[in-house]
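Peer 1: Here are the chains, one letter per residue:
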Amino acid sequence: MDAIADKTFKTDANSSTSHNYDSPSLLTVIIDTNPVIWEQLEPTLSFKAMLESLTVSINSHLALNNANEVAVIANHYEGAQFLYPCHVSREDEENQQVNFVKTDMYRQFRIIDDSFLSQAFKLFKDDTPPTTQPKNFLSASLSLALAYINKKQSHLKSRILIMNVTPDTHLQYIPIMNSIFAAEKNHIPIDVAQLSPHYNSTFLQQASDATHGVYLQIKTHTALIQYMMTVFFIDLSIRDSVIIPGIKEIDFRAACYVTGDIVDVGFVCSVCLCILSDVSLVGKERRCPVCDVQFDVNVLRKLADRKFAALIGSGANGESGAVKKRKLINGQSNGTGTTATSATASPMPL
Amino acid sequence: MDDSEDEFKSDHEQQSSKGGNSNTRVTSRTRRKAPQAELKGTSGGYAWEDEIQRSWDIVKEDEAGSLAGIVSGLVESRKKRVIKNVTPFQRGIIRNLILVIDLSTVMMEKDLRPNRHALAVENAIQFVTEFFDQNPISQLGIIIMRNGLAQLVSQVSGSPQEHIDALKSIKKLEPKGDPSLQNALEMARGLLLHVASHCTREILIVFGSLLSIDPGNIHKTIDSLIEERIRVQVIGLSAQVSICKEICKKTNFGDETAYKVILNEGHFKDLLMEAVVPLPVNKVNKSFTLVKMGFPHRVSEETPSFCSCHSKLTYGGYICPSCKSKICSLPTICPCCNIMLILSTHLARSYHHLIPLKNYIEVAREDITGEDRGVCYSCQSMFGTGSRYACEDCSKEFCIDCDVFVHETLHNCPGCENT
Numbered sequence: 001m002d003a004i005a006d007k008t009f010k011t012d013a014n015s016s017t018s019h020n021y022d023s024p025s026l027l028t029v030i031i032d033t034n035p036v037i038w039e040q041l042e043p044t045l046s047f048k049a050m051l052e053s054l055t056v057s058i059n060s061h062l063a064l065n066n067a068n069e070v071a072v073i074a075n076h077y078e079g080a081q082f083l084y085p086c087h088v089s090r091e092d093e094e095n096q097q098v099n100f101v102k103t104d105m106y107r108q109f110r111i112i113d114d115s116f117l118s119q120a121f122k123l124f125k126d127d128t129p130p131t132t133q134p135k136n137f138l139s140a141s142l143s144l145a146l147a148y149i150n151k152k153q154s155h156l157k158s159r160i161l162i163m164n165v166t167p168d169t170h171l172q173y174i175p176i177m178n179s180i181f182a183a184e185k186n187h188i189p190i191d192v193a194q195l196s197p198h199y200n201s202t203f204l205q206q207a208s209d210a211t212h213g214v215y216l217q218i219k220t221h222t223a224l225i226q227y228m229m230t231v232f233f234i235d236l237s238i239r240d241s242v243i244i245p246g247i248k249e250i251d252f253r254a255a256c257y258v259t260g261d262i263v264d265v266g267f268v269c270s271v272c273l274c275i276l277s278d279v280s281l282v283g284k285e286r287r288c289p290v291c292d293v294q295f296d297v298n299v300l301r302k303l304a305d306r307k308f309a310a311l312i313g314s315g316a317n318g319e320s321g322a323v324k325k326r327k328l329i330n331g332q333s334n335g336t337g338t339t340a341t342s343a344t345a346s347p348m349p350l
Numbered sequence: 001m002d003d004s005e006d007e008f009k010s011d012h013e014q015q016s017s018k019g020g021n022s023n024t025r026v027t028s029r030t031r032r033k034a035p036q037a038e039l040k041g042t043s044g045g046y047a048w049e050d051e052i053q054r055s056w057d058i059v060k061e062d063e064a065g066s067l068a069g070i071v072s073g074l075v076e077s078r079k080k081r082v083i084k085n086v087t088p089f090q091r092g093i094i095r096n097l098i099l100v101i102d103l104s105t106v107m108m109e110k111d112l113r114p115n116r117h118a119l120a121v122e123n124a125i126q127f128v129t130e131f132f133d134q135n136p137i138s139q140l141g142i143i144i145m146r147n148g149l150a151q152l153v154s155q156v157s158g159s160p161q162e163h164i165d166a167l168k169s170i171k172k173l174e175p176k177g178d179p180s181l182q183n184a185l186e187m188a189r190g191l192l193l194h195v196a197s198h199c200t201r202e203i204l205i206v207f208g209s210l211l212s213i214d215p216g217n218i219h220k221t222i223d224s225l226i227e228e229r230i231r232v233q234v235i236g237l238s239a240q241v242s243i244c245k246e247i248c249k250k251t252n253f254g255d256e257t258a259y260k261v262i263l264n265e266g267h268f269k270d271l272l273m274e275a276v277v278p279l280p281v282n283k284v285n286k287s288f289t290l291v292k293m294g295f296p297h298r299v300s301e302e303t304p305s306f307c308s309c310h311s312k313l314t315y316g317g318y319i320c321p322s323c324k325s326k327i328c329s330l331p332t333i334c335p336c337c338n339i340m341l342i343l344s345t346h347l348a349r350s351y352h353h354l355i356p357l358k359n360y361i362e363v364a365r366e367d368i369t370g371e372d373r374g375v376c377y378s379c380q381s382m383f384g385t386g387s388r389y390a391c392e393d394c395s396k397e398f399c400i401d402c403d404v405f406v407h408e409t410l411h412n413c414p415g416c417e418n419t
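Sequence lines, in order, name chains A and B. Counting from 1, position 216 in the first sequence corresponds to residue 216 in full-length UniProt numbering; the numbering is continuous, with no gaps. Counting from 1, position 165 in the second sequence corresponds to residue 165 in full-length UniProt numbering; the numbering is continuous, with no gaps.
One thing to keep in mind: the hints can contain errors.
[To be verified] Short derived list, chain A residues pointing at chain B, Cβ under 10 Å:
1. ALA80
2. GLN81
3. LYS102
4. PHE137
5. LYS152
6. ASN178
7. GLY246
8. ALA255
9. VAL265
10. LEU273
11. PHE295
[Claimed, not checked] Label pairs and their computed distance ranges (CB to CB):
12. B:THR419 <-> A:GLN40: 20 to 28 Å
13. B:ASP133 <-> A:ASP251: 20 to 28 Å
14. A:TYR199 <-> B:THR419: 21 to 29 Å
15. B:GLU408 <-> A:GLN40: 36 to 44 Å
16. A:THR230 <-> B:GLY266: 45 to 53 Å
17. B:SER311 <-> A:HIS187: 29 to 37 Å
18. A:SER46 <-> B:LEU313: 45 to 53 Å
19. B:ARG113 <-> A:ALA223: 57 to 65 Å
20. B:SER300 <-> A:SER46: 33 to 41 Å
21. B:ARG113 <-> A:ASN65: 39 to 47 Å
22. B:SER300 <-> A:ASP240: 12 to 20 Å
23. B:MET273 <-> A:THR220: 47 to 55 Å
24. B:SER311 <-> A:LEU64: 43 to 51 Å
[Claimed, not checked] Some chain B residues flagged as far from chain A (calculated, every beta-carbon gap over 12 Å):
25. PRO88
26. PRO160
27. ASP165
28. LYS171
29. LEU193
30. CYS248
31. GLU256
32. LYS269
33. CYS307
34. LEU313
35. ILE342
36. GLU362
37. ARG365
38. SER387
39. SER395
40. ASP401
Bear in mind the hints are in silico, worked out from the structure with no lab data behind them. Backbone N, C-alpha and C fix where the C-beta goes; we use that ideal spot for every residue, glycine too.
All chains should be built: construct the whole structure from the sequences, respecting the hints.
Peer 2: What follows is the structure in C-alpha cells.
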C-alpha cells in the first residue's frame with residue numbers, strides 16, 4: 001500500500017515540475033500594520049494607498065493562473081494574525097455592512113479582496129492607539145506563514161513577501177533566524193519590500209540573501225504599484241531569466257551580546273555560542289556572561305592582550321564582570337545581541 | 001588480542017538491546033542459540049508465526065460506508081511524531097567527526113536493499129548534508145575500511161560538497177577483503193590529533209562485518225583513544241560485536257548507548273540521523289574556551305579579482321576582517337591569517353540544539369468541546385476527525401503536520417511567538 005501511495009505522489013510531483021511555466025504558486029504576504037510607523041509615513045504613503053496597490057498586485061497574481069493562491073498575514077502590534085484565509089463567524093459576516101470592493105467585480109478577486117480588506121479594516125476599527133511601546137511580531141508572522149506554506153507545499157510553489165516598515169529593534173533574534181533557516185530548507189524565497197525610506201533592516205536583508213529572495217528599499221512611494229508589479233510579482237519560474245535588483249553589500253557583522261557593539265572580529269563561547277567583543281568581558285572569574293561556564297585560563301591568556309592577562313593573573317579587579325552582567329539583565333535593545341540573551345540566558349544543567 | 005573476530009558477546013543484554021524482527025536473522029548469522037523469549041515477534045509469538053498482514057484487510061468501511069475516516073487514520077499513523085528529549089544540555093557544538101565506512105566483502109550482502117554497501121553510501125550522503133546543515137561550524141572527514149586497510153577518501157574539512165563527491169566516488173568501488181578496526185581507529189586518531197581542545201573529537205563507524213583483522217593490539221589503540229578524549233560511536237549492520245561494544249563503552253566514559261545495531265533500513269537511517277545532533281558535554285570531557293572568529297562582509301565587484309581560497313577570478317565574495325583577503329564561501333578558515341570566518345547566522349543555526357522547543361501534548365478527545373470550531377492555529381485548516389496537539393505554554397492547538405514541521409524544521413512555536 002505504501003508503494004502505491006508513494007508512486008502516485010511522485011508522478012504528481014514530476015508532472016508539476018515538467019510543466020514548469022504553468023505550475024500554480026502560493027503567495028504569502030506579510031503586512032506590517034504598526035499604526036505608529038504608518039502615521040509617520042503618512043505624508044508620502046498612506047496605509048490605504050499601500051493596500052490599494054497590494055490589492056491590484058494580488059489580483060494580478062490570481063489572474064496569472066487559475067490555481068494560484070494567496071494568503072495574507074498582518075504583523076500587528078498586538079500579535080500576528082491571518083487576514084486571509086480567515087474563518088469568520090456567521091454573525092460577523094452578517095454584521096458587515098461595508099463593501100470594500102465593487103460587487104460586480106470578478107468573483108474570485110472579490111471574495112479574497114473583500115475578506116482580507118474587511119479583516120484589515122477590523123484591525124484598525126476598534127483599536128485605541130497603543131499606549132505601550134508596540135512589539136514586533138515578525139517572527140510569529142513568519143512562523144505562521146511557513147507552517148501554512150508547509151501544509152500547502154505538496155502541490156504549490158510558494159514564496160513570502162514582507163511589506164515592512166518597522167525598524168529592527170525589539171526583534172527576537174533566535175526565532176527570526178530559525179524562521180529564516182526553515183524557509184531556506186524548504187526553498188521558500190523571502191522577498192522584502194522595505195517601505196520606510198529612512199532605514200534598512202539588517203535581519204530582513206540577511207533573510208532575503210539566505211533564501212535567494214529580493215530585498216528592495218522603496219523610496220519613491222508614488223510608484224509603489226510599479227515596484228510591486230515589476231519586482232515582487234515576478235513568478236518564481238521566470239525569475240532566472242529576469243534581472244532583478246539586488247543589494248551590493250550586505251552587512252553580516254554581529255553584535256556583541258554584552259555591550260551591543262557591532263564587531264567584525266569577535267570571541268565566541270564554545271558552549272553557548274554567544275559573541276563577545278572583547279576577552280576582558282569574561283571578568284576575573286573567567287565565566288561566560290551568558291551561560292556561566294568557566295573558561296580555560298591558558299587559552300584566554302593566549303587570546304587576551306597583556307593588560308587583561310595581568311588582570312586574570314593578579315585578580316585585582318572583580319568588578320567588571322558584575323557590571324556587565326547587570327547591564328545584560330536590563331536588556332537594552334540594541335540590534336542582534338541583547339534580544340538573544342534573554343533566550344540563551346536560561347540556566348543549562350551540566 | 002590480535003584478532004577480535006570470534007569474540008561475540010553471548011550474554012542476555014546483547015540480544016535484549018535489539019528489538020523484534022531482526023532477532024531471527026541475527027541468530028542465524030552468529031550460529032548461536034538465543035534464549036527463546038528473545039525471539040518473540042511484535043505480536044508476542046515467534047516472528048515467523050506472525051500473521052501476514054495484508055494491506056487490504058486493514059481498510060474497513062465504517063457504518064456510513066465511507067473510507068474517509070480510516071484512510072485519514074492510516075495517513076496520520078504514518079507521519080512520525082518524534083518525541084525529543086527537551087532538557088537543555090551543554091553540548092559540544094564545534095565538532096570534529098571522522099566517519100568510517102566499512103567496505104569489506106560482507107557489505108555486498110543483500111539483506112539491506114539494494115545491498116549494504118549502496119545503502120550505507122546513500123545514507124552517508126544524506127548524513128553529510130544534514131550534518132553540515134545542523135552543525136555549520138564543524139569539520140568532517142571520511143575513511144573507508146577495505147582489504148584490511150584504512151583509506152582516507154575525504155580530508156577533514158568543512159565543505160559538504162567535497163565529502164559528497166568523495167562518497168559518490170566510493171559508490172562505484174567494490175567492497176573487498178576484511179575490515180580492520182584498529183587501522184581505521186589509528187588513522188582517525190591521527191586526523192584528530194591536531195584538533196583544538198574546545199572542539200569535540202568523534203569517530204562514527206558504520207560497521208557491517210563481524211570481524212576485524214588487526215595488525216596489533218587493539219586495546220592499546222583504545223587506551224590511546226581514551227587518553228586523547230576521542231569518542232567513538234558504532235552503528236552495527238549485522239549483529240553485536242563484543243570489541244565494538246568495548247570500544248564504545250570505554251571511549252564514552254562507560255556509556256553503552258553509543259553502540260547500536262540496526263533493525264532494518266529505516267532504523268539504519270534513524271541511527272545515522274541521531275548522530276547529527278551534537279553530543280552533550282560530558283563532565284570528564286570539559287574544556288570551555290573562547291574562540292576568535294571573524295564576521296566578514298560581502299562585496300560585489302564590477303571587475304573580477306582573485307580569491308585567496310582557489311586563486312580564481314571571481315566577481316565579489318567575502319572580505320576577511322583581519323587580513324582583507326577575499327574568500328568565496330563561508331564558513332571557512334581564512335587561508336591567509338587562519339582565523340575562523342563565519343556568518344553570525346551560522347551560529348544561530350546551532351541554537352536550537354541548546355534551547356530545544358518543548359514537545360506538544362496530544363489533546364484528549366474528551367477535552368474537545370463541541371463549540372470549538374477546530375482550526376489549526378498555524379495552518380488554518382480544519383481539524384475534522386484528526387487528532388490535535390497543544391503547546392503547554394500558549395495552549396494553542398496544532399494539527400499533526402504543523403506539529404512535525406514546527407519541531408523538526410522551524411524550532412519556533414508560532415503560538416508562543418505571538419504572545
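Peer 1: Now look at each hint and say whether the structure bears it out.
Peer 2: Verification of the hints:
1. ALA80: Where the cut-off is 10 Å and the nearest Cβ of chain B is about 5 Å from ALA80 (chain A), the hint holds.
2. GLN81: Status holds, d = 8 Å.
3. LYS102: violated, 27 Å
4. PHE137: Where the cut-off is 10 Å and the nearest Cβ of chain B is about 6 Å from PHE137 (chain A), the hint holds.
5. LYS152: holds, 8 Å
6. ASN178: holds, 5 Å
7. GLY246: holds, 8 Å
8. ALA255: Result: holds, 8 Å to nearest chain B Cβ.
9. VAL265: holds, 5 Å
10. LEU273: holds, 5 Å
11. PHE295: For PHE295 (chain A), the interface hint holds, since the closest Cβ of chain B sits about 5 Å away, which is under 10 Å.
12. B:THR419 <-> A:GLN40: 20 to 28 Å: Cβ of THR419 (chain B) to Cβ of GLN40 (chain A): about 27 Å, so the range 20 to 28 Å holds.
13. B:ASP133 <-> A:ASP251: 20 to 28 Å: Distance hint for ASP133 (chain B), ASP251 (chain A) holds at roughly 24 Å.
14. A:TYR199 <-> B:THR419: 21 to 29 Å: holds, 27 Å
15. B:GLU408 <-> A:GLN40: 36 to 44 Å: holds, 40 Å
16. A:THR230 <-> B:GLY266: 45 to 53 Å: With Cβ atoms ~48 Å apart, the hint holds.
17. B:SER311 <-> A:HIS187: 29 to 37 Å: Once the Cβ atoms are compared, 32 Å apart, the range 29 to 37 Å for HIS187 (chain A) and SER311 (chain B) holds.
18. A:SER46 <-> B:LEU313: 45 to 53 Å: Since the Cβ atoms of SER46 (chain A) and LEU313 (chain B) sit about 49 Å apart, the hinted range of 45 to 53 Å holds.
19. B:ARG113 <-> A:ALA223: 57 to 65 Å: Given range 57 to 65 Å: holds, Cβ gap about 60 Å.
20. B:SER300 <-> A:SER46: 33 to 41 Å: holds, 35 Å
21. B:ARG113 <-> A:ASN65: 39 to 47 Å: holds, 40 Å
22. B:SER300 <-> A:ASP240: 12 to 20 Å: holds, 18 Å
23. B:MET273 <-> A:THR220: 47 to 55 Å: Once the Cβ atoms are compared, 50 Å apart, the range 47 to 55 Å for THR220 (chain A) and MET273 (chain B) holds.
24. B:SER311 <-> A:LEU64: 43 to 51 Å: Roughly 46 Å apart at Cβ, these two residues keep to the hinted range, so it holds.
25. PRO88: violated, 5 Å
26. PRO160: holds, 14 Å
27. ASP165: Answer for ASP165 (chain B): holds, closest chain A Cβ roughly 22 Å.
28. LYS171: holds, 22 Å
29. LEU193: Given that every Cβ of chain A is farther than 12 Å from that of LEU193 (chain B), nearest at about 18 Å, it holds.
30. CYS248: holds, 22 Å
31. GLU256: holds, 21 Å
32. LYS269: It holds; LYS269 (chain B) is separated from chain A by about 16 Å at its closest Cβ, greater than 12 Å.
33. CYS307: Label holds. Min Cβ-Cβ 17 Å, cutoff 12 Å.
34. LEU313: holds, 19 Å
35. ILE342: Non-interface label fails for ILE342 (chain B): nearest chain A Cβ at 8 Å, not farther than 12 Å.
36. GLU362: holds, 18 Å
37. ARG365: ARG365 (chain B) is indeed farther than 12 Å from all Cβ atoms of chain A, at 22 Å.
38. SER387: The claim stands: SER387 (chain B) keeps its Cβ more than 12 Å from every Cβ of chain A (closest is about 16 Å).
39. SER395: holds, 15 Å
40. ASP401: violated, 6 Å
Of the numbered hints given earlier, the model fails hints 3, 25, 35, 40; all others are met.
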